[in-house]
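On the provided structure of chain E, position chains D and G as indicated by the hints.
Here the protein sequences come in this chain order: E, D and G. The UniProt record's numbering puts the first sequence at residues 1 to 300. The UniProt record's numbering puts the second sequence at residues 1 to 326. The UniProt record's numbering puts the third sequence at residues 1 to 423.
Simulated crosslink set (PhoX-like; lysine-lysine; CA at most 20 Å straight-line):
id, chain 1, residue 1, chain 2, residue 2
1, E, Lys76, G, Lys50
2, D, Lys80, G, Lys422
3, G, Lys61, G, Lys334
4, G, Lys401, G, Lys250
5, G, Lys117, G, Lys133
6, G, Lys422, G, Lys412
7, G, Lys250, G, Lys183
8, G, Lys50, G, Lys70
9, D, Lys69, G, Lys420
10, G, Lys143, G, Lys218
11, G, Lys325, G, Lys335
12, G, Lys420, G, Lys218
13, E, Lys76, G, Lys53
14, E, Lys76, G, Lys70
15, G, Lys420, D, Lys80
16, G, Lys34, G, Lys70
17, G, Lys50, G, Lys335
18, G, Lys50, G, Lys334
19, G, Lys422, D, Lys69
20, G, Lys334, G, Lys117
21, G, Lys333, G, Lys125
Computed spacing ranges between beta-carbons, pair by pair:
id, chain 1, residue 1, chain 2, residue 2, range
22, E, Leu203, D, Asn249, 31 to 37 Å
23, E, Ala29, D, Ile317, 22 to 28 Å
24, E, Phe36, D, Ile317, 30 to 36 Å
25, E, Ile162, G, Lys117, 41 to 47 Å
26, D, Tyr211, E, Ile280, 35 to 41 Å
27, G, Ala371, D, Asn249, 52 to 58 Å
28, D, Leu170, G, Val360, 46 to 52 Å
29, G, Asp352, E, Leu242, 35 to 41 Å
30, E, Leu242, D, Gly107, 37 to 43 Å
31, D, Arg316, G, Thr268, 52 to 58 Å
32, D, Ile317, E, Ala194, 41 to 47 Å
33, E, Phe62, D, Asn249, 34 to 40 Å
34, G, Ala105, E, Phe62, 53 to 59 Å
35, D, Thr163, E, Leu207, 54 to 60 Å
Partial list, computed: chain D residues near chain G (C-beta under 7 Å):
id, residue
36, Ala93
37, Pro174
38, Leu176
39, Gly177
40, Gly267
It is worth saying that the hints were derived from the structure and are not from the lab. Just so it is clear, the structure is predicted and the values come from calculations on it, not from any experiment. Even for Gly, the Cβ is constructed at its ideal location relative to N, Cα and C.
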Amino acid sequence: MSTTVVDRGVWSPRRLFGDVLLPRATTLALWAWVVFNLALVGWVGLQSLKESGEVWISPFGFPDSPQWSNYATAWKAAGFSSAALNSTVLTLLGSFLIVALAAPAAYVLARSTRRVAGPLTGYFAMGMSIPLQTVVIPIVVIKLSVSSFMIDWVTGWWDNRITLLVFQVVLSLPFTVFVLTGYLRSLPTEIEEAAELDGAGPLRTFLQVVLPLAKPAMTTVLVLNVIGLWNETLLALLITPLPEERTLPAALLSLYGSMQYSSDWGALFAGITILVYPMIVLYLWLGRRIVEGMTAGIGK
Amino acid sequence: MGTSTLAPGPVGEAERPAPAAPGPYETKRGKLRPARERAFWPFLLPALLGYTVLFVLPALYGFWVSLNKWAGPGSDMEWKGLANYTALLENDAFRTSFVNTFVLALGGGVAVFGFTFLSMVVLRQAKGRGFIRSVVFLPMIISLIAVGAAIGFLLNPNGAVNTVFGWLGLDPQPWLGPDMVFRCVIGGLVWSSTGFYVALMMSAADSIPPYLYEDAKLIGATRWEQFRYITLPLTWDVFAVCAVLWVVNSLKVFEIVIAFTTAGTPGSPPLQARTVAVQQFLSVTNNGGAPDLGSAAAMGVFVLIVTTVLVWLTRRITRRERVELS
Amino acid sequence: MRKLTAVLTVGALALSVGACGKKNGGGDSASASKELVYRSSWGADEPQGKAIKALFDDFAKETGTKVDVKFVGRKGNDNLATEMAAGQGPDLFDTSTDTIDRFAAQNLAAPLDDVLKKQVPGEAKPVSEILSKAVQGASSTDKGLAFVPHTVISTAVWFDASKHPVKTPKSWEEFVAYLDGAKKAGRTPIGQDGTINFYNVYWFYSALVRANGEGSMKALATDPAAWDRPEVLAAAKRVEQLAKGGYFQKDFMATKFPAAQDGWAQGTYDLNLNGTWLAGETRPKLGADAKVTSFQLPVGGKDSVEVGTLGWGVNAKGHNPETAKEFLAFTLKKKYAQAMSESALSIPARDDVPAPAHLVGIQKDVSQAKATHRTYDAAAADQKWWNDVFLPIDDKLVSGKSDAAAFVKEGKAATAAYLKNKS
Numbered sequence: 001m002s003t004t005v006v007d008r009g010v011w012s013p014r015r016l017f018g019d020v021l022l023p024r025a026t027t028l029a030l031w032a033w034v035v036f037n038l039a040l041v042g043w044v045g046l047q048s049l050k051e052s053g054e055v056w057i058s059p060f061g062f063p064d065s066p067q068w069s070n071y072a073t074a075w076k077a078a079g080f081s082s083a084a085l086n087s088t089v090l091t092l093l094g095s096f097l098i099v100a101l102a103a104p105a106a107y108v109l110a111r112s113t114r115r116v117a118g119p120l121t122g123y124f125a126m127g128m129s130i131p132l133q134t135v136v137i138p139i140v141v142i143k144l145s146v147s148s149f150m151i152d153w154v155t156g157w158w159d160n161r162i163t164l165l166v167f168q169v170v171l172s173l174p175f176t177v178f179v180l181t182g183y184l185r186s187l188p189t190e191i192e193e194a195a196e197l198d199g200a201g202p203l204r205t206f207l208q209v210v211l212p213l214a215k216p217a218m219t220t221v222l223v224l225n226v227i228g229l230w231n232e233t234l235l236a237l238l239i240t241p242l243p244e245e246r247t248l249p250a251a252l253l254s255l256y257g258s259m260q261y262s263s264d265w266g267a268l269f270a271g272i273t274i275l276v277y278p279m280i281v282l283y284l285w286l287g288r289r290i291v292e293g294m295t296a297g298i299g300k
Numbered sequence: 001m002g003t004s005t006l007a008p009g010p011v012g013e014a015e016r017p018a019p020a021a022p023g024p025y026e027t028k029r030g031k032l033r034p035a036r037e038r039a040f041w042p043f044l045l046p047a048l049l050g051y052t053v054l055f056v057l058p059a060l061y062g063f064w065v066s067l068n069k070w071a072g073p074g075s076d077m078e079w080k081g082l083a084n085y086t087a088l089l090e091n092d093a094f095r096t097s098f099v100n101t102f103v104l105a106l107g108g109g110v111a112v113f114g115f116t117f118l119s120m121v122v123l124r125q126a127k128g129r130g131f132i133r134s135v136v137f138l139p140m141i142i143s144l145i146a147v148g149a150a151i152g153f154l155l156n157p158n159g160a161v162n163t164v165f166g167w168l169g170l171d172p173q174p175w176l177g178p179d180m181v182f183r184c185v186i187g188g189l190v191w192s193s194t195g196f197y198v199a200l201m202m203s204a205a206d207s208i209p210p211y212l213y214e215d216a217k218l219i220g221a222t223r224w225e226q227f228r229y230i231t232l233p234l235t236w237d238v239f240a241v242c243a244v245l246w247v248v249n250s251l252k253v254f255e256i257v258i259a260f261t262t263a264g265t266p267g268s269p270p271l272q273a274r275t276v277a278v279q280q281f282l283s284v285t286n287n288g289g290a291p292d293l294g295s296a297a298a299m300g301v302f303v304l305i306v307t308t309v310l311v312w313l314t315r316r317i318t319r320r321e322r323v324e325l326s
Numbered sequence: 001m002r003k004l005t006a007v008l009t010v011g012a013l014a015l016s017v018g019a020c021g022k023k024n025g026g027g028d029s030a031s032a033s034k035e036l037v038y039r040s041s042w043g044a045d046e047p048q049g050k051a052i053k054a055l056f057d058d059f060a061k062e063t064g065t066k067v068d069v070k071f072v073g074r075k076g077n078d079n080l081a082t083e084m085a086a087g088q089g090p091d092l093f094d095t096s097t098d099t100i101d102r103f104a105a106q107n108l109a110a111p112l113d114d115v116l117k118k119q120v121p122g123e124a125k126p127v128s129e130i131l132s133k134a135v136q137g138a139s140s141t142d143k144g145l146a147f148v149p150h151t152v153i154s155t156a157v158w159f160d161a162s163k164h165p166v167k168t169p170k171s172w173e174e175f176v177a178y179l180d181g182a183k184k185a186g187r188t189p190i191g192q193d194g195t196i197n198f199y200n201v202y203w204f205y206s207a208l209v210r211a212n213g214e215g216s217m218k219a220l221a222t223d224p225a226a227w228d229r230p231e232v233l234a235a236a237k238r239v240e241q242l243a244k245g246g247y248f249q250k251d252f253m254a255t256k257f258p259a260a261q262d263g264w265a266q267g268t269y270d271l272n273l274n275g276t277w278l279a280g281e282t283r284p285k286l287g288a289d290a291k292v293t294s295f296q297l298p299v300g301g302k303d304s305v306e307v308g309t310l311g312w313g314v315n316a317k318g319h320n321p322e323t324a325k326e327f328l329a330f331t332l333k334k335k336y337a338q339a340m341s342e343s344a345l346s347i348p349a350r351d352d353v354p355a356p357a358h359l360v361g362i363q364k365d366v367s368q369a370k371a372t373h374r375t376y377d378a379a380a381a382d383q384k385w386w387n388d389v390f391l392p393i394d395d396k397l398v399s400g401k402s403d404a405a406a407f408v409k410e411g412k413a414a415t416a417a418y419l420k421n422k423s
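With the rest of the complex left out, here is chain E (with noise of 0.2 Å):
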């Protein structure tokens, strides 16, 4: 058979090298990376469960008697009510507006036959290669003038969370608008084709015909916007340094910051619990739906 003859040079070292030595090492190492990810994410659970003390003499030990009071403490020291508000509803309605600008757009760059819809689609592409330390000093000056105008000539009042939500949505397009004018490109034609002849007129032929042959592309850049959004922390210092109108991860960076003056530690830990638990609860609940749609956009 002849298999046996290929197996005959299981010892060669091409074939240990290849078949035996770098697989098993490296299915180890993913192994313990595994275990590492879920140990340290454990690892924080318990730790915020400790008073302060015990973080640092018994770092791996389990809390003598829980202190469930540390998430009082955090949540009132850093003023997460406000925060996780803040960031909940700055990331919900940050990443519905991205992929609603988004979508439209990447669609008919996807399928549009003029001569603009490559050159237009590289101009977004080229945003992602535009480093955010480059407009973080116009950003600056725009929050300022903005909210001065507004306040003098327009409304009378300005909240600087809609110039955060602003931004962070614009910042957001080009990656979106590039994944799915990808994926949207390896879509077939034929279904929108067979809608148009029935009359339905491109917004209808988009919303009921592209979006829903879309959604894996359409779930993932919604997921990965929202986390994004949620872990943004450069915009949100710069742009809403108000407690009232920070969000979780600046938060908690202030937390952070009085925690190391008064050693509170239990506190901090209890801080990044709130701020990491929900989005593992959210990877878990949408599990790899996340990624599926990633590579056919980015692929394709």
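Here is chains D and G on its own, set in the frame of chain E:
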């Protein structure tokens, strides 16, 4: 589109109503153009305007600021030409941060994709591969501030990592000291972002038909060779995009450095660990000082140039004939 | 320039409402003049934050002023100078001896010499007689009083007498002898949070400026030739002696703040060179029977003592400068100084109110000092030099990676290069 028998000029085309029924010689594109093309600008404009006005124009404005000396709105601008740039080139702190950023992009990139490729060798068939893929992706969704805060504890001189080192009979290391902390930052970054690229590359690899691997096994290819001659060539396009994404993201690294070094204190991270983004943040805020926005904007432009060059290089290096299954 | 900003702004708003008449015209209406806005760098739950909150509440009640106080924390004021320059800052801002120069350089701090003549409510004396000369000096720029202090800060070597009874060393030799003794007894004499570079620099700064007085370190930032002075090398040699002597804990440069000061509070290390806030920050770790005491780093020479202050400046572009000044006189009432001492555990700005027990010694050092200098000898005013040039070189010296001679040589060269580029 020249093949279409009905293809008129672009202008007339847009106004022509759709034919009631497709004729036998029409191309797909030709017959559908009107409805879709009418939607072109309405669908595109909101995103295009927002992106141009609030992202591209500010970037150009940043370039303008970089040619001036300026402390911010309300103070006077003073024209300096390229002086901000030449001053940066001679500034040791900036040069160090620039080199650091470069090291991070290259060293981190080698590590990230090294691990990614190795994972791809085994992840196609390993037991529990779905589970592994989910869990290695996990750090990606966790805020780097939280990561830095938690890991900082593990890396303290008498923290958990050194405790484990002690059990193994190894010498404790000054992980957070100025000489090692940047390596820890790179390590943390590799740890938190590799899962993302593994996920991307693996879902590309999933679409490779299994019979290719079966054939390869029959002719005696090892798993490394299967990766080298089947998986990698067929996922090369995705890798090219991943490499660009990595370059772009690694040049923006900011939070994790702050979280590993000064965290909540008003201090400045050690020179050895500063990236350009950190250096720029220092010169924008300065904790109540007179900010030097011109110089900070010039740093941004430097990063943009480097990004462009690196992205171009990456595309050059990863460019190759696309391998397609026929 | 402003035109471009305006164009951008209008562009940003192109899709929104058309502008139609200024809404908040003038801002001179009667209600606006009795308002006071303050963004605090303290946390609302920190003792200082609570004391400040109570103070503002009292002021609001007694004068009918509307106060808008928010506790944004240390990170929350990162952009303060930019916002103030744009005319959007609060009326009152937190500042201190080592940061006021930067606000003053941008003309953001209103001159406050007229506050000195105001009377503190309920007392017969004006502000100028309530604050000591040293405290006024620490709160001034060359244009006169620039902020009104609530707290005095200084730097000293701290120990907990209940755990390590230290006999106050009178000379550098006695100090080193103590360190050697502690080391021989198997202890680690000094705990140092080495990741905080502005704590590491306390050693060189104290050695240089305590012996040679005001201006001796400031000169290093402005004149490369100052690095050649023999006293600079002498001070650096003392730091080198500490670094090479192994008196700090192992791997102290990699310590996650505040592990070292917490270790000091628990008695793991004998000494910690730090600010007057040390015992307040580590109070939960110190234990009930702790007896924290301090001594000045004994380096001889002029024996100059650091006097720094924390306080409130008035935003020169703020909307209610007169109310702000009225408030500042109000803050100096004895009652609030006592609150600063008793609940916030700091040295109050008024020296007729005693500091908490562990700070009485240093309060005396400050009030009886023959010579005084400002925090960091005002060398931190140029943040770029401080962060990019000086602190990295100092870190190398403290960590033992370079020696005194290399420190001087590098410092001179780097400062010269920095100054050349600055102009």
